[in-house]
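If you're matching them up, the sequences are chains A and B in order. For the first sequence, the residue numbers in numbering that gives the first Met the number 0 are 0 to 438. For the second sequence, the residue numbers in numbering that gives the first Met the number 0 are 0 to 438.
No lab work stands behind these hints, which were simulated from the structure alone. Just so it is clear, CB atoms sit at the ideal spot from N, CA and C, and this is done for glycine as well. You may find that some hints are simply not true.
As the list claims (entries may be wrong) - One-sided excerpt, in silico: chain B residues whose CB lies under 8 Å from chain A:
#1 Tyr8
#2 His47
#3 Gly63
#4 Ile102
#5 Glu151
#6 Ala155
#7 Glu195
#8 Arg197
#9 Ile419
#10 Ile423
There are 2 protein chains.
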Amino acid sequence: MPSAAKNAYDQLPYPTVIVVGGGFAGLEVVQGLAHTPYKVLLLDKQNHHCFQPLLYQVATASLGADSIAHPFRRTIGPMPNVAFRMAEVTSVDPARKVVCTNIGEFSYDILVLALGSTTNFFGNRSMEHQAMQLKSINQALDIRSDFLQEFEAAIALNDENDVRRCLNFVIVGAGPTGVELAGALAEIRRNVLRQEYREMDSDLMRIMLIDSNDRVLQNFSERSSANALKYLLELGVDVKLGARVMDGDANGIKLNDGSVVATNTVIWAAGVKGVSVQGLESDRHERANRYLVDRQNALKSHPDVFVIGDCALMEGDGAWERGHPQVATVAIQQGRHLVANLKRRAKGEAVLPFSYHHKGSMAVIGRRRAVVDLGTRSFGGTFAWLLWMFVHVIQLVSFRNRIMVLVNWAWKYLSWKNTIRLIIRPYVRKTSLAPAEVA
Amino acid sequence: MPSAAKNAYDQLPYPTVIVVGGGFAGLEVVQGLAHTPYKVLLLDKQNHHCFQPLLYQVATASLGADSIAHPFRRTIGPMPNVAFRMAEVTSVDPARKVVCTNIGEFSYDILVLALGSTTNFFGNRSMEHQAMQLKSINQALDIRSDFLQEFEAAIALNDENDVRRCLNFVIVGAGPTGVELAGALAEIRRNVLRQEYREMDSDLMRIMLIDSNDRVLQNFSERSSANALKYLLELGVDVKLGARVMDGDANGIKLNDGSVVATNTVIWAAGVKGVSVQGLESDRHERANRYLVDRQNALKSHPDVFVIGDCALMEGDGAWERGHPQVATVAIQQGRHLVANLKRRAKGEAVLPFSYHHKGSMAVIGRRRAVVDLGTRSFGGTFAWLLWMFVHVIQLVSFRNRIMVLVNWAWKYLSWKNTIRLIIRPYVRKTSLAPAEVA
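Using the sequences and the hints, build the whole thing.
Printed below as a string of C-alpha cells:
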C-alpha cells in the first residue's frame, strides 16, 4: 500500500542521481540539486551529516555530538525531488548502472561518489590495532570517554609510573587535527585537571605530539608553523618532530630513535586515505587510494560516474598537479561545481572544468591562540582565534547548531572549563590487546 | 609523590562520610555537607549526575545527553572537603566499616547509601531479555538510536507487515515515564514522520501503551488520569488498560488476553525496585527490594549506615505507611533532612525524624498537553505544560544545563521537530535473541 507521497517521488520523470556519502561534498550536491529536474537519492551509512572540523571539540568535551551533527532528513525534508536511505554501499556495477547496498540495489542514471576519507595508518599494523582515530562522531565520543576514564583511573592509583602511563597522551601527526587535539588536552590539564582532580598531581599529565616532519602544520606557511609551535610549547605540549612511531603494544609505543613511551592512549591523526567501493578498481590510483577523475570530476572510464571530495584525485588543475588537498573547502567547491555542470547538462549547455580556489588555512591551538594563512598573509593570536570561530560557526549546516555551538563556546569562555565531560561509552582498554594480535 | 592538595584533603581532621550514588538523594547530601566538619567521599559508577525526569526527552531526540547530565567533579570542584571516585561498589562490611569497590576499599565513619532504583521486571524473564529500559543516559541513547533505525529499516521495506512490525512501538507501564514516552513518540509520528519520511505511510506507525491497571497515571488524581488519557487518545496512542505482557520472543509479544502483537521494540516502564549491595541482607525488605530504615533514614541494625531515596523503605511516616514513592522529591527531601541531622550531630544536638512533604505530581503528554496535581487541585492544558517546563528547568543541576534545555525546547517549539535524531549507538537487534535464550 504505497502512499501517495511515495508515488509522487517515484513517478518524477527525471533522471536519477544517486549521491553516495553525505559529507561536505555529497551534501553540497544534494542541496544544489533540490528543485531541479533530477531525482536525487542520497545514500549514507549514517543518518546525519557530521561537521568534521569540530570533531576534536566533541572528543575534548567542549561540544556535544548534537551540536555538530545534523540529520539528513531534516535537511532534505522540504525537497520534493530528494530521498534518503541509510545504507552501506558494498559495490558499484557501472555496466548495469547499479549501486549495491546492504538494503538492496538502486539504479542510477548519474552516480556521484562522495565517499570521503578514512584514517591512513601507512601500513603500521600495530597502530591500526592500538590507536584511536578521529573521523566520526562515534570515534570522538570514544576518545572523550577514554581520556576521562584515564583521569579517573589515574586518581585511584598510587604508583607514580602507573599514574604517568594513564596520563600520558600520545598524538601522532601534527596536522590541524593533531595540533588542535594537543592544544585542547593541554588546556584541560591547565583548567580542569588542576582544579577538579586536586588530589592528583596534574603535572604528571603529559601530552606528546609526534610528527615525522621537521615542523608542525607542514601544509601551512612557515610563519604559521612557528606560531603554532610557540603556542603548543606555551601550553606545555611535548612536541617531538622528526619522529616516527615504529611499533606499539600493551606497554606503550616505540619510536624510531629507539625510545619507548609508556602510555595507554595513542591517537593517530597522521593522515587520511580515500574510501573506495568494489567495482571501480581500474579507476583507483595508488596515491592515497583516490579515484582518478577528469576536470569535470568524472571517472575516465565511466563518464556518468562522478567522484568528488577527499576520495577524488584530479590532475592538471594548475598548482594542484598532484591532487587537491583532502579538506572541506575542496569538497564543497567540487560539489558546487558538479551541481552547476549538471544544471548546464540538463539545459543542453556545455560543461566547464573545475578549478580549485584556495582560500586559506586555519587551525586553533587554544584560547586566543590560533594561526591563519590567508592568501599571502599569515597571522596568529586573538584575531586569528576569533576569525577561526566565525568561519567555523557560519559553515555549520543548521541554524540550531550554530546557536548550540555559540552557547557552548560562550559558556566555556566564561567558565574556562570543558563541561561536557560525560563518560557514556563502554571503556575500550586498548592495552588489553595481546601482543600476538598486534603482530 | 602525593601533591600538597592530596595531603590537604587526606589530612582533614573530620569524620569520613562516604556517599554511594550521586543521584538526587546522594548529590543533595554531598552539596549539603560542603564546607562542614565532615570529610565527604562520593562514589558512583558514572562520572556524572543524570537528571532522570528528562531522560525520556533524550530518548525521543529532543535533548542531547549533555543537557541533562553534569559531571560530578564540576559540582564538587570548589568544595575542599569533598572528593569523588568513579567506582562500582561491590559490597559493604558494616563490622569493619568499609565499602568494597572495584578500585579498592574505603573506610567510613558514616555511610550514606543512595543507590537508587533499577527496572523491575516482576519476574518476567522474557521481557528482561527483550525489552529496552529507560533508567540511564546509555539506555536513553539506545532507545533513540533504536527507534530511528526502525524508521530507516521500515522505509526500505516493501511488505506492509514487515513495515508495521518495525513501526510498532510497545510501551509497558502507564506511569509518568510510559505516558511521556508514548506522547513524545506520537508527536514524532505527527511532526517528523509525516514530513520527513514522505515515501512511507506514517499511519502504519503505532504506539501502544499497555498497563495492567484500569487507568493511566494511577498514582495521580482521577481527573489527571482522565485528562492524560484524553491527550493520549488525541495524539493517536493506542492505550490498552487492564492488559499484561505474558511473554515475548522474536515475533513480538503475547498479552494476557491471548493476543499477539508483532513488534521489534518493547520499552518496559512498568516499575522499579531498589538497588542493593552485598553485606546488608538482613536490612533488606522484600517489598521492592528496599532497605528498611528508621525515621532518621538509618538502618536499624547499623545506626551509622543511612539509606536515602529510592532504595530506602521508611515506615511510620503518616500517610506513607507502606513507604514513600520512589521519586525525585522524596530523594531530595531525605538528602536534605539527613544533612540537617548530620549538622546537628556535629554540634551535639538531637536529630529529628523525617516527614515527607508531598508537593504534587506532574506529567507531560505533549505540546500544551500536561497534567498537574497540586495539593487538592488538578489541572491540565497549556498552563500545566508551562508549569511542568518551569519546574523541570529550575531543578536542573547546573545553570548551563538550564540554558541548553531552554534553547532546545524553544527550538523544538518553533520548528515542531525533534532535531537530535542522531543514530550514534550500535544497533541492538533485540529480535535476534534466540527463543531458547528467552526461556
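Here is how each hint holds up against the structure:
1. Tyr8: holds, 5 Å
2. His47: At about 5 Å, which falls below the 8 Å cut-off, the nearest Cβ of chain A leaves the hint on B/His47 intact, so it holds.
3. Gly63: B/Gly63 check passes; min Cβ-Cβ to chain A is 4 Å, inside 8 Å.
4. Ile102: Because about 4 Å separates B/Ile102 from the closest Cβ in chain A, which is inside the 8 Å limit, the hint holds.
5. Glu151: Holds - the Cβ of B/Glu151 comes within 8 Å of chain A, reaching about 4 Å at its closest.
6. Ala155: holds, 4 Å
7. Glu195: Check passed: Cβ of B/Glu195 comes within 4 Å of chain A, closer than 8 Å.
8. Arg197: At 4 Å from the nearest chain A Cβ, B/Arg197 passes the 8 Å test, so the hint holds.
9. Ile419: holds, 4 Å
10. Ile423: holds, 6 Å
Checked against the numbered hints above, the structure breaks none of them.
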